[in-house]
Amino acid sequence: MKTIKRMLLLGIAMILILAGCAKSTDKKAVVVATMLDSEGSVLGQMILQLLADNDIETVNRLNFGTPDILRTALENGEVDLVVDYTGSGQYYHPEDATDTTIWNDPVKGYEFTEKLDREKKNIFWLTPSSANNTESIALKRSFAEANDIVDMADLAEYINAGKPFKLILSSKFAENQLGLLGFETQYGFKLDDNQLIILSSGNTAEMLQALVNGTNGVNASLVYGTDGALDKMDLVVVEDPKHIPPVYLPTPVIRGEVLDLYPEIRSILKPVFESLTLEVLQTLNAKVAYDGENAADVAEAYLKDNGFLEK
Amino acid sequence: MKPGRISFVTGGFLVFLSWTLLAWGEFKINRVSRGITIRMMDVIPLYGWILMIAIFIVSFWFELYRPKIKQTVLLWILTIAPALCLIGISGFVPSLTEFDPNVARVSLGIGFYLFLGGILLMVSKGKGGQTRIVSTLVWVFVALGSGFADSLGLIREYNNLQDVFVRELFRHVTLALLSACLAILPGVMLGYASLRYPKAKEWIFGFVHLFQVAPTLSLLALMMIPLTALSRAFPFLADLGIKGIGFAPAFIVLFLYSLLPITSNTYAGLSQTDPFVLESATALGMTEKQKFRRIWFPLSLPAIFAGIRTAMTQNIGNTILAGLVGGGGMGALIFLGLSQSALDLVLLGTIPVVTMALLIDAIFAILEKTTIKRLGVKYDPHRTIG
Numbered sequence: 001m002k003t004i005k006r007m008l009l010l011g012i013a014m015i016l017i018l019a020g021c022a023k024s025t026d027k028k029a030v031v032v033a034t035m036l037d038s039e040g041s042v043l044g045q046m047i048l049q050l051l052a053d054n055d056i057e058t059v060n061r062l063n064f065g066t067p068d069i070l071r072t073a074l075e076n077g078e079v080d081l082v083v084d085y086t087g088s089g090q091y092y093h094p095e096d097a098t099d100t101t102i103w104n105d106p107v108k109g110y111e112f113t114e115k116l117d118r119e120k121k122n123i124f125w126l127t128p129s130s131a132n133n134t135e136s137i138a139l140k141r142s143f144a145e146a147n148d149i150v151d152m153a154d155l156a157e158y159i160n161a162g163k164p165f166k167l168i169l170s171s172k173f174a175e176n177q178l179g180l181l182g183f184e185t186q187y188g189f190k191l192d193d194n195q196l197i198i199l200s201s202g203n204t205a206e207m208l209q210a211l212v213n214g215t216n217g218v219n220a221s222l223v224y225g226t227d228g229a230l231d232k233m234d235l236v237v238v239e240d241p242k243h244i245p246p247v248y249l250p251t252p253v254i255r256g257e258v259l260d261l262y263p264e265i266r267s268i269l270k271p272v273f274e275s276l277t278l279e280v281l282q283t284l285n286a287k288v289a290y291d292g293e294n295a296a297d298v299a300e301a302y303l304k305d306n307g308f309l310e311k
Numbered sequence: 001m002k003p004g005r006i007s008f009v010t011g012g013f014l015v016f017l018s019w020t021l022l023a024w025g026e027f028k029i030n031r032v033s034r035g036i037t038i039r040m041m042d043v044i045p046l047y048g049w050i051l052m053i054a055i056f057i058v059s060f061w062f063e064l065y066r067p068k069i070k071q072t073v074l075l076w077i078l079t080i081a082p083a084l085c086l087i088g089i090s091g092f093v094p095s096l097t098e099f100d101p102n103v104a105r106v107s108l109g110i111g112f113y114l115f116l117g118g119i120l121l122m123v124s125k126g127k128g129g130q131t132r133i134v135s136t137l138v139w140v141f142v143a144l145g146s147g148f149a150d151s152l153g154l155i156r157e158y159n160n161l162q163d164v165f166v167r168e169l170f171r172h173v174t175l176a177l178l179s180a181c182l183a184i185l186p187g188v189m190l191g192y193a194s195l196r197y198p199k200a201k202e203w204i205f206g207f208v209h210l211f212q213v214a215p216t217l218s219l220l221a222l223m224m225i226p227l228t229a230l231s232r233a234f235p236f237l238a239d240l241g242i243k244g245i246g247f248a249p250a251f252i253v254l255f256l257y258s259l260l261p262i263t264s265n266t267y268a269g270l271s272q273t274d275p276f277v278l279e280s281a282t283a284l285g286m287t288e289k290q291k292f293r294r295i296w297f298p299l300s301l302p303a304i305f306a307g308i309r310t311a312m313t314q315n316i317g318n319t320i321l322a323g324l325v326g327g328g329g330m331g332a333l334i335f336l337g338l339s340q341s342a343l344d345l346v347l348l349g350t351i352p353v354v355t356m357a358l359l360i361d362a363i364f365a366i367l368e369k370t371t372i373k374r375l376g377v378k379y380d381p382h383r384t385i386g
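Chains as they are written, first to last, in the numbering used here: chain A, 1 to 311; chain B, 1 to 386.
I should point out that these hints are in silico values taken from the structure, not numbers from a laboratory.
Some hints here could point you the wrong way.
Said to hold, decoys possible - Ranges between beta-carbon positions, derived for each pair: (1) B:Leu237 to A:Ser200: 31 to 37 Å; (2) B:Leu210 to A:Ala301: 47 to 53 Å; (3) A:Pro241 to B:Gly91: 47 to 53 Å; (4) A:Lys190 to B:Phe16: 50 to 56 Å; (5) B:Asp163 to A:Asn122: 29 to 35 Å; (6) A:Thr283 to B:Ile351: 49 to 55 Å; (7) B:Asp163 to A:Phe143: 32 to 38 Å; (8) A:Asn147 to B:Ser95: 17 to 23 Å; (9) B:Arg39 to A:Glu274: 48 to 54 Å.
As the list claims (entries may be wrong) - DMTMM-like mimics (lysine to aspartate or glutamate), calculated; alpha carbons at most 20 Å apart, straight line: (10) A:Lys190 to A:Glu206; (11) A:Lys232 to B:Asp361; (12) A:Lys232 to B:Glu288; (13) A:Lys140 to A:Asp234; (14) A:Lys172 to A:Glu184; (15) A:Lys28 to A:Glu75; (16) A:Lys28 to A:Asp68; (17) A:Lys232 to B:Glu368; (18) A:Lys190 to A:Asp234.
Since the structure is predicted, the reported quantities are computational estimates derived from the model, not experimental observations.
Glycine included, C-beta positions come from ideal geometry on N, C-alpha and C.
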């Protein structure tokens, strides 16, 4: 019987400790969270370091989870400040996103998402970076050169000639009018099921590895604009002159209540995100994902080299 | 053949196989590229080879022809072999390729793991086998922490994420153990209730099984909806940390998962108590309460303990999924590694989970024994489920 009593006491003690922990977190600290990828680590670290430099207390929840989990957490107030991508607005406000043409325009897409989030959810999109993390198709450099493929029209010609082609991609991209379906109608080709390998997640690291190693005969892969490893892996992106997939600009997104508490966050992050061009983000991501450097160090070095933090 | 000899010979065969056929590791010039295969001959210098083969042959000769001579010393020497090989593999440098020494890394391959497994089997033979197994593993961990194996991908990832690693490890343990601990009392009570009220049994078992068959991840996702609604309706809950995402849903799901092993084991333990013993207790004039406290409960304790043990071990593994809903834990590292296709990072998250599960299992085995001894219960393995 003693054991039971002890266990009971232990259990109660643990509940109390847990409750204590939950209460002791300072409500004013800004909870910064990002997605589970290298870019999330780098941009998140930048935000953490910049806020700390401005004496704003933060809670580090970087690499919080998948994009949809992160969004839910933001809407529920579990996290305060995240990095999101402008094109995702089409999934957040599907009932209003009937006009699909706006997503190909960086400004219109941003304005649409920003306005709806502000009015409906009290969530604020701050100044975006100019780096377009959009979806494209990547090929091996040697393959592209041998077959003279530069843009999507060349690729369509190659496919229509009936030559071997196997594309690895995510299900979200495969079934999207602003994705593969759009490519097919706009450039005039059609892939059948055995020319596709569809993964449920949008994890391009796996896909690129399959492409580089030629796993299962894969010779083309979905890729994101800011993926750092492209150059080092000797891959090229097939140009898309018609800009079918949406523009995805990485943007700090913050809950209204927190922005009211710390209005200065807007101006702290603005110059930094404006400085993040496509090339810059690719280099930073490559350092983390490819060279295996610590994301905090990469972020710190960038901020210091560019004068956003004092050396 | 004696079981000791079987494990020795099987282990020796594995070691031989790993030497001759398999890749011991991969040298990668960066984190994600395909690497250069490292074979055993690349790593160990000639005299090392001769020494190893000598030890190998001698120990086999002893084993097969001079079984009476003690070969404990040889077995003890073998315990350090995996650790030395680890350092050897980590020091591998390809001759022709250009690379950046701060970036390049070595990942361990199937050959090494097979070698480790083979050595573990070999040293487990005879008296003191368990101590030798533990010491082999301790040597490996010492080699990993010594600084001589720093070019291993595993160590590089660890050095990069040290503070995150410690934080998530702590969170993982808290999440897994706390939820299982809290499930003990309700689990035991449900088990007792299903014996006392046979009509309720179906319902109770249906309830606890329901959570077991629902995939953990979907349960986590389903949890988000009611929890979010709750925390919105009662803001004080949100202040306590009960929100639709993060710690709370992971905790609740793990709690529900721990119920089944505890409840069903309690039920099994209670229902298998010898009816004659109970009858004697009634004859002695014991009340229901006394009977439960003095007879039923202590007699079924081994089974209940086994249930708790299962719940704890299972929880350690399941907690990985909390990483997907912002609950943290080792899953955060594993999924980050998967998303960057950095297998060393995945491994860095997995190894502690496996180690913890084994450790907790071992701790509970000891705890079980001592508690039962102290209560003076005679353990009859044929009567109890465990």
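Are the Cα positions of lysine 28 of chain A and aspartate 68 of chain A separated by 20 Å at most?
-> violated (25 Å)
Between lysine 232 of chain A and glutamate 368 of chain B, is the straight-line Cα distance small enough, at 20 Å or below?
-> Distance ~55 Å between lysine 232 of chain A and glutamate 368 of chain B Cα, so the pair is violated.
Holds or violated: are the alpha carbons of lysine 28 of chain A and glutamate 75 of chain A at most 20 Å from each other?
-> holds (18 Å)
Range hint 17 to 23 Å: satisfied by the CB atoms of asparagine 147 of chain A and serine 95 of chain B?
-> With a Cβ separation near 35 Å, asparagine 147 of chain A and serine 95 of chain B fall outside 17 to 23 Å, so the hint is violated.
Verdict for threonine 283 of chain A, isoleucine 351 of chain B (Cβ pair) under range 49 to 55 Å = violated (32 Å)
Below or equal to 20 Å on CA atoms is what counts here, so check lysine 172 of chain A against glutamate 184 of chain A.
-> holds (15 Å)
Quick one, are lysine 190 of chain A and aspartate 234 of chain A close enough, alpha carbons at most 20 Å?
-> Outside the cut-off at roughly 27 Å; violated.
Glutamate 274 of chain A and arginine 39 of chain B - C-beta distance against the hinted 48 to 54 Å = Since arginine 39 of chain B and glutamate 274 of chain A have Cβ atoms about 51 Å apart, the given range 48 to 54 Å holds.
CB-CB spacing for alanine 301 of chain A and leucine 210 of chain B relative to the 47 to 53 Å hint = holds (52 Å)
Pair hint lysine 232 of chain A and glutamate 288 of chain B, alpha-carbon separation not exceeding 20 Å = violated (75 Å)
Within 20 Å, alpha carbon to alpha carbon, are lysine 190 of chain A and glutamate 206 of chain A?
-> violated (24 Å)
Starting from the hint 50 to 56 Å, judge whether the C-beta atoms of lysine 190 of chain A and phenylalanine 16 of chain B obey it.
-> Because 54 Å falls inside the window, the suggested range holds.
In this structure, the earlier hints numbered 6, 7, 8, 10, 11, 12, 16, 17 and 18 are contradicted, and the remaining ones agree with it.
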